[in-house]
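Participant: Just so you know, our numbering puts 196 at position 83 of the sequence shown, and the rest follows in order with no gaps.
Treat each hint with caution, since some may be false.
Claimed, not checked - Here are the simulated distance ranges between beta carbons:
| id | residue 1 | residue 2 | range |
| --- | --- | --- | --- |
| 1 | Arg266 | Ile175 | 23 to 29 Å |
| 2 | Ile175 | Glu140 | 26 to 32 Å |
| 3 | Cys213 | Glu276 | 30 to 36 Å |
| 4 | Ser232 | Ile175 | 35 to 41 Å |
| 5 | Gly257 | Glu210 | 25 to 31 Å |
| 6 | Met259 | Glu210 | 23 to 29 Å |
| 7 | Gly146 | Glu276 | 16 to 22 Å |
| 8 | Tyr201 | Gly146 | 18 to 24 Å |
| 9 | Ser195 | Asp173 | 17 to 23 Å |
| 10 | Asn243 | Lys120 | 19 to 25 Å |
| 11 | Gly228 | Ile175 | 34 to 40 Å |
| 12 | Asn269 | Pro149 | 37 to 43 Å |
| 13 | Trp244 | Thr160 | 44 to 50 Å |
| 14 | Asp158 | Thr190 | 54 to 60 Å |
Everything labelled a hint here was simulated from the structure, so no lab data went into it.
Just so you know, even glycine gets a beta-carbon here, dropped at the ideal spot from N, CA and C.
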Amino acid sequence: MATSNFKSMRDFPLIVTEDLEMKVCPECGCGQGGTPDKCECCGADLTEVEEVYDELGMQDRIRQMEEKAEELNEYLTFFTVSVVSGYYSGVQFYVDEKYCDVEEMDNDESNYEFGMCRSKMLRKYKSEGNWLRRALQKAKKEIGLMELGVVARFSNGEAMYTEISPEMPKRAALKVAVNAA
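With the sequences and hints as input, model every part of the structure.
Facilitator: Here it is in structure tokens:
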């Protein structure tokens with residue numbers, strides 16, 4: 114049985130990084146980021162050289178994501194942000210709720226747990242969710258990550274993703290977000 118590569122979240126964007134790859138020069142052994150045609154160190158031709166997994170680059174990217182998750186968690190009351198590996202490849206930010214059914218709490222439960230009435234707690238919960246969505250978008254730009262949307266989800270568990278780019282019309286991005294739910 115197949116499965117989706119990334120865990121989906123109901124109310125938060127799917128911010129991920131793909132596995133990083135690089136070319137290694139056969140002449141001097143120098144690693145080249147991106148897809149260059151010539152070696153930056155010795156000038157050798159790299160057009161026929163295949164890309165390989167960039168382990169150090171991925172470790173650095175994961176470290177940046179984990180630092181950002183720790184930074185965000187310092188400010189959160191209702192959510193927890195973690196960095197989770199994709200099932201097949203890549204890494205994602207995963208947002209989990211700290212409390213089950215926050216919106217179902219009554220006044221007494223809210224007062225006991227958070228020291229505030231239910232309506233104030235719900236406003237703070239929704240406000241924190243909005244703040245976290247903006248913070249994840251900001252982290253995406255800072256670290257150089259990408260946002261994916263689910264285009265299709267099949268009965269065997271597989272999912273097809275598309276990158277949601279800033280140039281994408283809002284209407285198209287909304288349709289992708291609706292499919293993800």
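Participant: Please go over all the hints and tell whether each is borne out by the structure.
Facilitator: Consistency of the hints with the structure:
no. : hint                         : verdict
1   : Arg266 to Ile175: 23 to 29 Å : holds, 26 Å
2   : Ile175 to Glu140: 26 to 32 Å : holds, 30 Å
3   : Cys213 to Glu276: 30 to 36 Å : holds, 33 Å
4   : Ser232 to Ile175: 35 to 41 Å : holds, 40 Å
5   : Gly257 to Glu210: 25 to 31 Å : holds, 28 Å
6   : Met259 to Glu210: 23 to 29 Å : holds, 24 Å
7   : Gly146 to Glu276: 16 to 22 Å : holds, 20 Å
8   : Tyr201 to Gly146: 18 to 24 Å : holds, 23 Å
9   : Ser195 to Asp173: 17 to 23 Å : holds, 18 Å
10  : Asn243 to Lys120: 19 to 25 Å : holds, 21 Å
11  : Gly228 to Ile175: 34 to 40 Å : holds, 36 Å
12  : Asn269 to Pro149: 37 to 43 Å : holds, 39 Å
13  : Trp244 to Thr160: 44 to 50 Å : holds, 47 Å
14  : Asp158 to Thr190: 54 to 60 Å : holds, 56 Å
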